[in-house]
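Asker: One letter stands for each residue in the lines below.
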Amino acid sequence: MPPIESHQQEREHSSEQYLRDDTKTASTKIAIFQYLAVAVFIFLISGFWKLQVQNPDIYSEAAARNRVKSTPILAPRGKILDRDGRVIVDNKASYSLILNRDQVKWEHLPAIADALHLDYNDLTAKLRRKGDQPQIIIKDELSRDDIAFIESHRDSATFPEMDLINSSRRLYPQDGFAAHLIGYVGEISESELDEPAYADYRQGDIIGKEGVERQYNDQLKGVDGQRRVLVDSLGHERALVDPDDQLAAKPGQDLQLALDLDLQSVAELAMEGKRGAVVAMDPRNGELLAMVSRPTFDPNKFTGRISRADWQEISGDPFKPLLNRAIQAELAPGSTFKPIVAIAGLETGTIDENTHFHCPGGATFYGHYFACHLKTGHGDVNLHLGLEKSCDVYFYNVGNKTGIDNIAKYAEIAGYGGKTGIDLPNERESTMPSTHWKMRNYRQKWFAGETISVAIGQGAVTVSPLELASAIGGLAIGGNWYRPHTLKGAKPELVREGHFNPDNVAKVVSGMSAVVNEGGTGYGARIPGIMVGGKTGSAQLASNTLLKGTAAGREMKDNAWFVGFAPVEAPEIVVAALFENGVHGPFAAPIVRDVLKAYFDKKARRDGAPPAAASAPVQPAMFFRLPSFPAPVQPEEHLAAYPAFAIMSLGTSSDSRIPGGHL
Amino acid sequence: MAAFRSFRDLDWAMFIISMALCALGVLQIYSATNGTRWQGAWWRQIVYIASGLLMAYVIAQFDYHSIMSRIYLIYAASIVLLITTALIGNTVFNSTRWIKVGGLTFQTSEFVKIVLVLLMARYMTDLKTPTVEWPDLLRLAGLAGLPFLLVIKQPDLGTALTYLPIVIAGVLVAGLRWKYLLSIGLFALVCLPIGYHFLKPYQKDRLASFMDPARDPKGAGFQVIQSKIAVGNGGVWGRGVTKGSQTHLGFLPVSHTDFIFSSFAEEHGFLGVVVALVLYFLLIMQVVQNAQSAPDRAGVFICMGVGALLLFHVLVNVGMVVGRMPVTGIPLPLMSSGGSNTWSVFLMLGLVNSVRLRRFISH
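Here the protein sequences line up with chains X and G, keeping their order.
All residue numbers for the first sequence refer to my numbering, where the first residue is 1 and numbers rise by one.
All residue numbers for the second sequence refer to my numbering, where the first residue is 1 and numbers rise by one.
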């Protein structure tokens, strides 16, 4: 460098001057500084190399996590419709609160739990549960107050972990209308989360807990989507991420039930104030037309989070309102079992229509006296009269002659000793005793005397209302049993065939027709213009026998059964009614009549013919306030024509409720 | 006189390099502040650059010897200025660094750097011995320590630390015995833990987060983590101007001032980083080249002081951006938005040019 060269020549000056102007001694140090600078820049560039070239993916993912916030879009659950497409269960828009897991500050939780009336321990348990979802739904169906609290506190300074999302609340008919059939939804429980069947479910998911809601949960639930938004460092939404990146929610499929709301409301009404169940089905294909169980419960209380008080009230009720008696009440069929014994006797050739027995009001078998329900006796009784008058002595004899295993064989064809296999959870099995059954269960021989009780539907034999309807319905159509099912349009499934002699079936059906139409025990089910066949039954619970000596036992009354079908020549519908503590079968007959009448009146309206003349006025079904069904424009007109139907076949607008209170 | 003040003799290479860096800075300020409340900062920065250039040109016309001859007076004045700042300065973010003159606010500590550069040059040229002796070291420590402590008191540890490379460069270039160097090093080692004790809690936090950013990702480590994410997110090619999500969604702290290089790295990628760092390297080498061609030791000290200061700024600021240096709030010369720093850098480059214009003078 020329300047330095020139200074080198000036070394000969004084030492002070030498020091002042010597830049030579500095040049080594300047060189060192240059190397230092090179080192610094290599050090810096290597830092960028590491971050930007070697593994930029880690950081671009971190940046994406920073800026993209996904919140779930909850898929609305499918609606539940009746056979005519009328909405039974709908959804109502509501809001849910979610907590963003990565933002949760534990010291915030007591305040949040307190403001939203949540249990602090539940809340922390939810957050502690292992899982990969970034957000957890903390509360559904937020009230106005809840929303106000969340909106005013979810800023970055207060509780930034809170977020509101749209959700929908399940809207069930009020007052427990069809509650057992439909079931209800609720948040998946901790124990359910651990079950393999719910492996795909995550905390906070809403699942069907009972009824068709549970059975068809997969169809109804849909697939949740994701809303992905760009957020800034304060959590404020800036923009939606690419539309391609959004995951739309797939709404659940609607579920069309075979259920007929008109029949259901009549059945609900007929059971009002009673305990028991009603089941109506089409024996020709197994479609379930109505299913009522009483007492009932309000499924709206179960959606989301049930209050402790409500839960205790419902679960502590001695009459067990949550029990679906239509498929879970296994009771002695009583005299409704007699047609089965009759067909067994006829098909085995043990009896024919002319075989007759004398009824003096009771008879002795194997050293025991068995009374007939008519103390004065029925006199000479053949098959027709035996069914019509439900003569016990006649069936003691038939049963005794046919034998328990023959009875069991035909009863099992009719569905006794098993489940109907209906598509509902928790159906119970009926019981059909036999020598084989007793040996297997009790390791004891069958006593011939036991057959006498079984012949009139007592003893160990039990049945549920649905099983009874199925058994008698299948017999009435000639001995073909279709699996009962809840969905409309499901392929009929013939599960058992009797291969019965049609004449034998006709004889039994004729007897059952006489029960209703010829002064028999089922006169209460008579409908002018429609030939109804049926059978009454009055039966005691097995436990009642044990309780007979006690005061409580004496207060317990017999259960009343009636199973009816129509028209007898070609049955289209079979209805079974259980009226617990209804004392006598005849008391259950009007329930069945109401449902049958509703069915045929509706059919007549559809065909354009005038409805069958009313033998007894049917009360308007104003007792069920169904939120999903808007009121008719002029209810009075329809109510005059046919009340229950009018209520159910309504216009679309207005959310005004059906006028009237409830019982 | 006219011969050495020729316009042509100015360091045009340095001018082009510094203008390129300023342009990158303005672009990045524009991008980072786009849509924020600092939106006009890029335009103000252009004004600072233009006025800074003018200051540089003016100071280059002064003979640095004449400034150095009055340096003790200037030094005393700057101490008074720092004390005045402490008394009547504007307090922003709990730190009193700025003083308001007319409509402008000045960060007085920035200008003290220039004073220290000249003071160091003066002291070293006045040395009677070929190496720096203990009394010199003590005097230097006192001269630099006074403003250092005043600035620390503001509190502004970052700017105070920038005074150290000026003194160290001066002392090392002047010549230091090995045993002095060793004993100073040992003394520093002993002092470090004691000095740590005197740090503010947030400063301790920053230091701890530097050692382990994941320690408190929402607190002190936040800036380091977010800065590293921004840099990594840029990848090789960058996200593009105004496309850096870390920058524009507010994850990056002060993305147009102290962390401007982080947002630059996010939007321009590794290639942009290399270009900018090469420009800084060339700038510093250009300053060093002026030291090599300086006509006397005073010029060498001035250039080396400026060079060391620039290198320190780049090392600490850019090192912080990639998590290789603790977070200290010092700006990146020529790129960070801000008037005082831009002016002080231009004044220093002007001083270097003043040395350059006098390189053919012989005494």
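These are calculated hints, taken from the structure and not from any lab test.
Please note: incorrect hints may appear among the correct ones.
Distance condition first, Cα-Cα at most 35 Å in a straight line; then the derived DSBU-like pairs of lysine-lysine [what the hints assert, rightly or not]:
| no. | chain 1 | residue 1 | chain 2 | residue 2 |
| --- | --- | --- | --- | --- |
| 1 | X | Lys-29 | G | Lys-153 |
| 2 | G | Lys-243 | X | Lys-50 |
| 3 | X | Lys-50 | X | Lys-301 |
Asker: Does Lys-153(G) lie within 35 Å of Lys-29(X) when you go C-alpha to C-alpha?
Answerer: This hinted pair holds, its Cα atoms lying about 33 Å apart.
Asker: Lys-50(X) and Lys-301(X) were given as a pair; does the straight-line alpha-carbon distance stay at or below 35 Å?
Answerer: violated, 58 Å
Asker: Compare the distance between the alpha carbons of Lys-243(G) and Lys-50(X) with 35 Å, and conclude whether the hinted pair is satisfied.
Answerer: holds, 22 Å
Taken one by one, the earlier hints fail for this structure only at number 3.
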